[in-house]
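Colleague: Residue numbers (the numbering used here), protein chains in the order written: chain A, 3 to 257; chain B, 6 to 229.
These aren't lab readings, by the way, just hints derived from the structure by calculation.
Positions of the beta carbon are idealized from the N, C-alpha and C atoms, including for glycine.
Footprint (simulated), chain A over chain B, 3 or more residues, beta carbon under 8 Å:
(1) 7-15
(2) 19-27
(3) 86-95
(4) 99-112
(5) 192-203
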Amino acid sequence: MKINLKIWRQKNKDTKGSFKSYALDNVSTDMSFLEMLDVLNHDLIHKGEESVAFDHDCREGICGMCSLYINGRPHGPQQTTTCQLHMRSFKDGETIVIEPWRAKAFPVIRDLVVDRTAFDRIQQAGGYVSVNTGGVPDANEIAISKKIADEAFDSAACIGCGACVAACKNASAMLFVSAKVSQLALLPQGKPERKERVEKMVAQMDAEDFGACTNTGACEAECPKGISLTNIARMNREYFSAITTSYEIELKGGD
Amino acid sequence: MNWFTSLLTSTLGRKMIMALTGLFLVLFLVIHLIGNLQLLKSDGGNAFNVYAQFMGHNPLIQTVSIGNFAFILIHAIWALLLTLHNRRSRGEVGYAVSNNSSAWMSRSMGILGTLILIFLIVHLQGFWFQMKFGNVPFVTVDGKDVKDLYTVVDAAYQNIGFVALYVFSMCALGFHLWHGFASAFQTLGLNHLKYNPIIRFVGRAYAIIVPALFAIIPIWMYLN
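Isolated chain B, as found in the complex (with noise of 0.2 Å):
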């Protein structure tokens, strides 16, 4: 076997393109946090609207977007062939009697993973979508003209479900990044006595932050 297709399709190789893309990932959601964050601001969704005409618009951002898109998918198959793979190997006969001694998220990241799977298909049907394909009607701002997303995202928001299944996602978000932030970092082999601890504490503070900071902009929307 020619040794780049080794590398990609060893047990190893697939780890490191689930690391890999996981990280990224994680640094996309910072970006999109920051973006989202102009929705706090108290101005009609003037500086949302500004920003999501940008994101939309910009030819770096639009071919980043399609690395993003990519890496999703690529990020769920590997899971869903890694998990099939280890299924395989854990063999026909399970034990009677279990008592793991591993965390729970560590164990749930395929749960995890499907949930927010799931939660991203919606999340794209209501904003991404619309904003593409559907009809958004057009403000000025600056005496720009441009889509308002913002109240599309305002309408959304005021149903106490959609509110719930994003706070519920934003929980199962966390729950994976708890475990997968630091687990990336141990698969691609980035393991040192000297950074463990910074990698452990950011990683866990990021899966707390970044979720919760995601959940509260539906909450405040609704509440407001």
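Same shape as in the complex, but just chain A (with noise of 0.2 Å):
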């Protein structure tokens, strides 16, 4: 098949960068959106051009690196990662437009390619439990029913791409985050440190300058792993509850 792209070409952080069309003859329907991106950058490199910059690490759908906002949403027009997709998902001589995410939180870095690693100091901030020496424990000594195991699990499948925050028209992260936090408070392991998780972690959200949630609902339909609302309720719930009992901590964030 035959496409034409309008790629967002920027050259690092502070320079301003413009769309640049580029026409591919010999597309396979079966090709992933990624191996696509690898043929045009072949030929660029033939050429003597500069090649797309664009992130990518397992093409298997569970690393969280592919980004891309293609044809007007996040990861394309499946719900799935950027590297499940399939030229298929196209038609013939169809126009692809490809944007970076959009968000303060996420300056461009080069082309394709934005700085995450927001999502990443909000883990640092609270987003795990202390796993302190001892003994091992018994695997069965702590009892958790199949339908929490199930529910954390889900939360859990987070992988933090980032789709939530490309489609929010507040650029929020709160879907992220209260996947993060849920994932942690439904379990018992994650019990001890769960006031002092939400309250820091939330601290962390704002300090990188994600905006607030209005229950548009647009991250949980563009999630490729299906992270629903709820997970932002339990978050709310979670994070009054922590602020208004818990013993005063030290918020940090912002450094």
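Can you join these two chains into the complex? Each is in its own frame, and there are hints to help.
Modeller: The structure is reproduced here in structure tokens:
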């Protein structure tokens, strides 16, 4: 198939970018979207032009590295990751517009690559359980109901790709943060640091300049892992009860 | 930062303030509607005038009304603060192509809210201000002198433009509530599989019934 591409090109963080058009003639419908970009880059290198920079890693839909805002939707027309999107989802002769994630907290580094380390800093602020020394407890010592385990697993399915932020009109990171808060808040292992965790993670989220949630549901509709808005309600609950009842803790964030 | 300040200034805290003030205003609308429905009684406005007199003089109602005005202001100001913050968060460069998969009203709460605010100013100037500071003539109902607000309302609703503004504003209110009602519960964390369908149903029924009843009053009075 033949396709036309309009791709955002930007040299670095400090320069202004613009769209550039490319045409590809021999695209197989079985190619993944990223393979199609590999073909384009191969052509560009042969011509002595600068290749298009884009993020990718596992290409199996589990690492959360690929991004791309394709034809007005994060990860393109299917509710999946860009690496699992195939060219058969597009029409022959179609013009595909590819943009980077847009958010103040996700500055463009080059072409389609954005800096998503804001997510890492939110995780580092509290998205973990402290494992103290001691003997290994028996696996069946802590009873967890199947339903709760499933619910926590669903939240843990978040791969931190940032599609929620990209889709949100407010560039809010609440779907991501709430999934990370939920996966630990639901399980007994996460309980000791429960209050501190949500307070610190929300403080860091605000320090990174993400927007506030207006419950439009755009994030849920675009999330390649099907993370639901229920997580955001849970985070709100966790946060309000934590901040009103926890021992006072020092909130950092911003560095 | 003090925990209370961080509660009020965090994105979650600000949203909580929007939800709490919003839900209070939802309650206020019902009370206001029950009073207004007295306008439809064909008793020459007596029942409505007595209600207006009661609302204007009962100390409890007066105290709650100060809170009500404060909540309207807080709801509007916090909405503005949040909207500005959210705009900044989106960054300078926008998307060239955007196929948003969210509902139109959920994305237009700010515009709908602004329309409602403009309506409120016109509405308060027309009736509340007249009742408090204007020259509204008195009528005697059951041996008591009460201000004849009914005649003021009746005269206002003979103007087709005014009636149209009311109906249009009630549509805006309906759309605002369609998203706002359930959204407030979600923001407060009140989300549970057992109760979500009830919240959604009540919210949507409320968003249709209450603005529709409000809108019927000026139409009815114009036609009669």
